[in-house]
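Engineer: Numbered by numbering that gives the first Met the number 0, the letters in the sequence shown go through residues 0 to 110 in order.
Keep in mind the hints are simulated off the structure, nothing from the lab.
Any given hint could turn out to be false.
Claimed, not checked - So the derived label-pair ranges between C-beta atoms look like this: (1) Ser53 x Arg82: 27 to 37 Å; (2) Glu33 x Ser53: 37 to 47 Å; (3) Met0 x Val34: 20 to 30 Å; (4) Tyr22 x Tyr100: 37 to 47 Å.
Said to hold, decoys possible - No more than 25 Å apart at the CA atoms, straight line, and that leaves these computed lysine-lysine pairs for PhoX-like: (5) Lys37 x Lys67; (6) Lys67 x Lys11; (7) Lys47 x Lys37; (8) Lys3 x Lys37; (9) Lys46 x Lys9; (10) Lys67 x Lys99; (11) Lys67 x Lys46.
These numbers come from a predicted model, not from an experiment.
Note that the Cβ used here is the ideal one computed from N, Cα and C, for glycine as well.
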Amino acid sequence: MITKLEQKLKNKSAVIGIFGLGYVGLPLMIRFAEVGYKVIGFEIDRKKIEDLSSGFSYIDHIPSDQIKLSLNQGFEATSDYSRASEADILILCLPTPLNKYKQPDLSFVTN
0 MITKLEQKLK
10 NKSAVIGIFG
20 LGYVGLPLMI
30 RFAEVGYKVI
40 GFEIDRKKIE
50 DLSSGFSYID
60 HIPSDQIKLS
70 LNQGFEATSD
80 YSRASEADIL
90 ILCLPTPLNK
100 YKQPDLSFVT
110 N
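Using the sequences and the hints, build the whole thing.
Structural biologist: Here's what the structure looks like:
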């Protein structure tokens, strides 16, 4: 029996939510948009939201044209975390830098 989520994934009607639009989250967003999913990107940095909403890439190896194409494919960047309920799937792409003991700092995740 196929679940409702599996069906939405199969027919590309699922909405993907990505928390964190940095060097991992932004390319992931682009790929999901390229293959036909609507993506909502959640970011705390308002400058990044403004840049993305204007079609500008702040990551050197990602051309602004890719951001513009993603916007045309339904991508939205927001700091309104209440919109997480609109997503069928949520992906966390948050910084977890390692300390001197090679232990990840999970404060971004827990906060």
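Engineer: Next step is simple, just say for each hint if it's right about the structure.
Structural biologist: Status of the hints after comparison with the structure:
About 20 Å separates the C-beta atoms of Ser53 and Arg82, a value inconsistent with the hinted range of 27 to 37 Å. For the pair Glu33 and Ser53, the supplied restraint of 37 to 47 Å is violated, since their beta-carbon distance comes to about 20 Å. For the hinted restraint 20 to 30 Å between Met0 and Val34, the CB-CB distance of approximately 25 Å keeps it satisfied. As the Cβ distance of Tyr22 to Tyr100 is approximately 24 Å, the hint placing it in 37 to 47 Å is violated.
Distance hint between Lys37 and Lys67 is fulfilled; the C-alpha atoms sit about 14 Å from each other, no more than 25 Å. Simply put, Lys67 and Lys11 have alpha-carbon atoms about 20 Å apart, close enough for the 25 Å limit, and the pair holds. For a cut-off of 25 Å, the pair hint linking Lys47 to Lys37 stands: about 19 Å separates their Cα positions. Only pairs whose Cα atoms come within 25 Å are accepted, and Lys3 paired with Lys37 is accepted, the gap being roughly 17 Å.
The straight-line distance between the Cα atoms of Lys46 and Lys9 is roughly 34 Å, outside the 25 Å bound, and the hint therefore fails. About 39 Å separates the Cα atoms of Lys67 and Lys99, which puts this hinted pair outside 25 Å; it is violated. Using a Cα cut-off of 25 Å, the hinted pair Lys67 and Lys46 holds, with the two alpha carbons roughly 16 Å apart.
The structure fails hints 1, 2, 4, 9, 10 (numbered hints given earlier, in ascending order).
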